Amino acid sequence: GELAFGLEWDRDYFVDFAKTFREYFWPISVFIVHPFTIFVLIWKSQMSLDCKSAYVAHHIILLCFDLYNALLYQMYPLAPLPIFFCFGLLCTENISSRLLLTILAFWTIAICVPYLFLMMRMHQKMLFHGSPFKLSVRWQTVIMLSLCSTLLANLFGFAFTTTEDTEKEAIINSPSIAWTKSFSVNHLVLGDSVGDVGDFFYELILLAVSILINFSFYISITYHSVYKIGRQMDSEFQSHIRSKTQELQLRFIYSLTIQAFLTAIFFITPLALLFIGLVIDLTPIVPDGLFAFARFLFLVKNE
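Residue numbers (the UniProt record's numbering): 1 to 303.
Because the hints were derived from the structure by calculation, they are not lab data.
Owing to the predicted nature of the structure, the values given are computational and were not obtained by experimental measurement.
Hints may contain errors.
[As the list claims (entries may be wrong)] Here are the simulated DSBU-like pairs of lysine-lysine, each with C-alpha atoms no more than 30 Å apart in a straight line:
no.	residue 1	residue 2
1	Lys-228	Lys-52
2	Lys-181	Lys-168
3	Lys-228	Lys-19
4	Lys-19	Lys-125
5	Lys-134	Lys-44
6	Lys-168	Lys-44
Go ahead and model the full structure; you've got the sequences and the hints to work with.
Take a look at the structure:
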């Protein structure tokens, strides 16, 4: 029968889809895609050592993330209800759901660090001599440490604000949630109703602020690299004398711009929808089918 917020779609289709897809996804990603990419970066890439090292580190962390997120811990949200369950090798009764979620937060944060460093270094390398945006190594370090501190703050946020409802067992056994016990024995229950997330509300605020800061930085230097520097390279007849290195750098920035656009669609947007739905009661204006579709989007971006 039908469940609240379209959860029958998850029960009948989405959970099985997520489990099956990830069973096939992680071996391909861990043993083929990322090792091949790392091999190409190390032996075939013409990037400078610092950028190459950052890109290799990024893909090594992605490999670890895919291994954790697809094999060891597969989180499944029941938004707009503040309830999560999981499946994977670590999703047993004896392992804390808060610990598992905090580890996922660590790998998610770790992915961002080399990528932000890579964008900043490429941006700095493309700047012409005398540009007011040209920064010393010290100031580049200060910026990276500042950005990393906003990301790492979330790690402490997940660890200390993820507190579960005292009526956890009763909530899990309610008609809308009881079906999840056939898929998992590990549940994270922040509250019993939409908007009831307890202290986790403070982490959601912190997460929103850190995403705003870091993604704004990312978008700003991408915009400056592509539009400002690109136009400068094309102006004053410089297009016929610019070096092959500059051409490759600009092309690389273009590819990162596309990745930024895709990140906004498949990562930032579903994440924002998920957390907005957890904090703000949208049930009077949002149909159940749309909640089901939003959960599916969140699953897709996690694959």
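Open item on the list: So if I understand the rule, the pair passes when the alpha-carbon distance is 30 Å or less; does Lys-134 with Lys-44 pass?
Closed with: holds, 29 Å
Task: Pair hint Lys-168 and Lys-44, alpha-carbon separation not exceeding 30 Å - done: violated, 53 Å
Task: Agreement of Lys-181 and Lys-168 with the hint, judged by alpha carbon distance not exceeding 30 Å - done: holds, 13 Å
TODO: Given the hint that Lys-19 pairs with Lys-125, test it: the Cα-Cα distance must not exceed 30 Å.
DONE: violated, 43 Å
Open item on the list: Need the status of pair Lys-228, Lys-19: alpha-carbon distance at most 30 Å?
Closed with: violated, 45 Å
Open item on the list: Please verify whether Lys-228 and Lys-52 have alpha carbons no more than 30 Å apart.
Closed with: holds, 24 Å
In terms of the numbered hints stated before, the structure departs from hints 3, 4, 6, listed from lowest to highest.
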